[in-house]
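Line order of the protein sequences matches chains A and B. Residue numbers for the first sequence, in the UniProt record's numbering: 1 to 186. Residue numbers for the second sequence, in the UniProt record's numbering: 1 to 564.
In case anyone wonders, no lab produced these hints; they're calculated from the structure. Check each hint, because a few of them may be wrong.
As the list claims (entries may be wrong) - Straight-line alpha carbon distances no greater than 35 Å define the calculated DSBU-like cross-link-like pairs of lysine-lysine that follow:
| no. | chain 1 | residue 1 | chain 2 | residue 2 |
| --- | --- | --- | --- | --- |
| 1 | A | Lys184 | B | Lys106 |
| 2 | B | Lys258 | A | Lys184 |
| 3 | A | Lys115 | B | Lys106 |
| 4 | A | Lys119 | B | Lys335 |
| 5 | A | Lys184 | B | Lys335 |
| 6 | A | Lys52 | B | Lys180 |
| 7 | A | Lys184 | B | Lys109 |
| 8 | B | Lys504 | A | Lys119 |
| 9 | A | Lys115 | B | Lys562 |
| 10 | A | Lys132 | B | Lys300 |
| 11 | B | Lys335 | B | Lys415 |
What the hints assert, rightly or not - According to the in silico footprint, chain A covers these stretches of chain B (three or more CB under 8 Å from chain A):
| no. | region |
| --- | --- |
| 12 | 265-271 |
| 13 | 398-409 |
| 14 | 486-493 |
| 15 | 506-519 |
The beta carbon of each residue, even a glycine, is placed where N, CA and C say it ideally should be.
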Amino acid sequence: MRTQFIYGLLLYLFLLLPPVAYLLESIMITHMHMQMPLLVISGFLMGGILLKRFPRFFEKWNNNGIPGITLFLIIIIYWTIPRTMDEALTLQSIQAWKFISLPFLAGIPLRDSWKKLSKAGKNIIIVIFTVKYFGMGALYIWAEDQLCNNYLIIEQLTLGWGFITTAICLVIYLIYVFTVDPTKYE
Amino acid sequence: MGAVAEKRNSTAFRDSANKALGLNPQDANISKAYLLVGFIALLLGGLMGVIQGLNRAGVLELPTWLNYYQILTAHGLLLVVVMSSFITIGYFYAGFSHTLGGLLPKVRKMAWIGFGLKIFGFVLVVIPVLMNEASVMYTFYPPMAAHPMFYFGLVFIVLGVWMLAAGAFVNVANWRKNNKGQHLPILAFFGTGVFVLLVGATAIVAVEVIFMIIPWTLGWVDGINVMVSRTLFWAFGHTAVNIWYLTAVSAWYVIIPKIIGGTRFNDYLTRVVVIALVIMNITGGFHHQIIDPGISLSIKYMHVFMSLAIGFPSLMTAYAMFRVFERTGRRKGGKGALGWLRKLPWGDVRFLAPFIAMAAFIPAGAGGIVQSTNQLNQVAHNTMWVVGHFHLTLGMTVVMTFFGISYWLVPLVFKRVLTPAMNKVGVIQTILWTIGMTIMAFSMHAVGLFGSPRRTSFTTYGDFSSTLGWDPYMAAIGVGAVMLAIAGVLQIYAVFNMMFFAPKGKTEFPIADVEPDEAPTPYFTERWGVWVVLMLIVVAMAYVPPLIDMIVNAPPGSPPFKTW
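The following block holds chain A by itself, in its conformation from the complex:
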């Protein structure tokens, strides 16, 4: 658990480095599909030690995993809105909010909630993301306007297709989950 915390912290500090943040934010798709998930992962890794240290707190506020996963969903959906990504680049306070919210309000609740969710609950979350990714993909691809002041239309298009391809991968995963019964093999 301590090792995981150290890895998570190192990843977080690495992502905080200005050149790293600048590089990842300079390309729209890496900003949303690389920097943001990595921030969540850093929180996920760091969170283990907190869950162990404060079990009562998580038991009280996230007993069945639903509050935690709801918070996770709210934070993630918030960060897929074009305007929030744009603001992170223009307002320092929003940038700071990104670096706090994604690891600590999305990564840690995800870790605490995921194992508490039933199999159906997990699949519902993946279905929500699949639908959302198709929707966001359609928005970024077919919007005729520039949605973010900081990025060109071509970047927007790339991000849109990034959403669509990720959604296709999620669909493949869902087909696998719904068609293959692991109890027959495992």
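Following the hints, position chain B against chain A.
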């Protein structure tokens, strides 16, 4: 319940029968056919190779009806596409049959249908090559365009591969149903990874060939997006090469420890290496396009990570292999820092050939890293350096491992034995091949650094003084090629002897056991569904940004060109 018990009993029976007999005779026929085609391709492809080598050395002028680029195309296709894939499939299908308790009857049928499709496709490919209508080389880059039949042939080859992959997956799924909760036998695990990659790689080239090249060569569309087609080609081409490499690696991890009388390296690490290679392989294709125009710097920068990431499992493999050798040598009484080396069976071709193959991968891998870096690639790209590199990786690392495999796999499937005489032929062949390939590959690397281009027929460039300095290296390439040809003939002789003339007998399928006190491998390694989805996500991450750029900002499409 009764049916399940019966099924288990029949599986157990098949397992023990396989252990006793080596391989089910009907399954052995499949491997026989694949190995036969593979080694015939080696003979023909090798012949093309020596003609090429002698032409480049300036000692053989080709007749007017035979074109250098025609031979180059045939050499590449015969060796990289036919020989490698047929031996890989023959080897893994034998492995599935042996470790999974025999192939299912429907899988056997699928393997034969796949064989038919591949051969039919290959005939379609060969006809235009022989007619000098498809001298587009192994890479078949647009805007060079071959006769449409060439591409239709490729489609059938891909269909054959898919049929074989489906067969492999059906057999693996069936075994897992009958052996719930158990880890897939390690050779079948490697085989699963190889077939997953084969499907992934060929799916990409199928998109290129079916949706882009065929409509373009048939004249249905005016132009082709060259950058997109090149990118799709390399997502396939790079993976194809790594598939043969993964096949060689499987023999290093699983077979070689048994041959030297040792045990396998950590089972967990082995499976993680396979998974890592499967997930990260396809995205490595970009390093073939470092000096292509039209790809942004950030994408080229990203490729460094994607390409070098594949180096990690390779480094793990290097460590694992030498640890196995050392552990085995010391158990046999080897003392001191390097005394264990003397305890290894150097006179056994089944070990010697793969060992040299592994050793060759050290300079080969280092050369690969050179090419993956932006600045050094500017120097080496499109020169003979690259030809030297893939003769070290494919021609030495992979092919010599395949040769090593042939000395037990061929007798095994043909129910014969490896005689001391054939072993001796093998050792001589291995030494000759090593010397020949070392001379040839070194000369290619060196002359490449001086600027000698690849893919060109013999020329003195109007006796231009600087290029005349390349000639001694070209002569050395010719010498190497001749030695390789002799070694190739010896190999074919040994293989045919082991197929049809060696004494009848039983040969063991050499699969090493793990260390007795090894910790159990976690079960998550078996979740292939998850690994495949992860592979797809990584592929999407790598290819969406450049492809969108290439499509949206595309220059006018190119018409087909016939440059030969």
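Now the hints, each set against the structure:
1. Lys184/A <-> Lys106/B: This hinted pair holds, its Cα atoms lying about 20 Å apart.
2. Lys258/B <-> Lys184/A: holds (33 Å)
3. Lys115/A <-> Lys106/B: The hint is violated at about 40 Å.
4. Lys119/A <-> Lys335/B: Roughly 55 Å separates the two Cα atoms, so the pair is violated.
5. Lys184/A <-> Lys335/B: Not OK: Lys184/A and Lys335/B at ~50 Å, beyond 35 Å, violated.
6. Lys52/A <-> Lys180/B: Satisfied, since the Cα-Cα distance of roughly 34 Å is no more than 35 Å.
7. Lys184/A <-> Lys109/B: holds (25 Å)
8. Lys504/B <-> Lys119/A: At roughly 56 Å apart (the allowed maximum being 35 Å), Lys119/A and Lys504/B break the hint.
9. Lys115/A <-> Lys562/B: violated (60 Å)
10. Lys132/A <-> Lys300/B: Holds, at roughly 30 Å.
11. Lys335/B <-> Lys415/B: Distance ~39 Å between Lys335/B and Lys415/B Cα, so the pair is violated.
12. 265-271: violated (count 0)
13. 398-409: violated (count 0)
14. 486-493: violated (count 0)
15. 506-519: violated (count 0)
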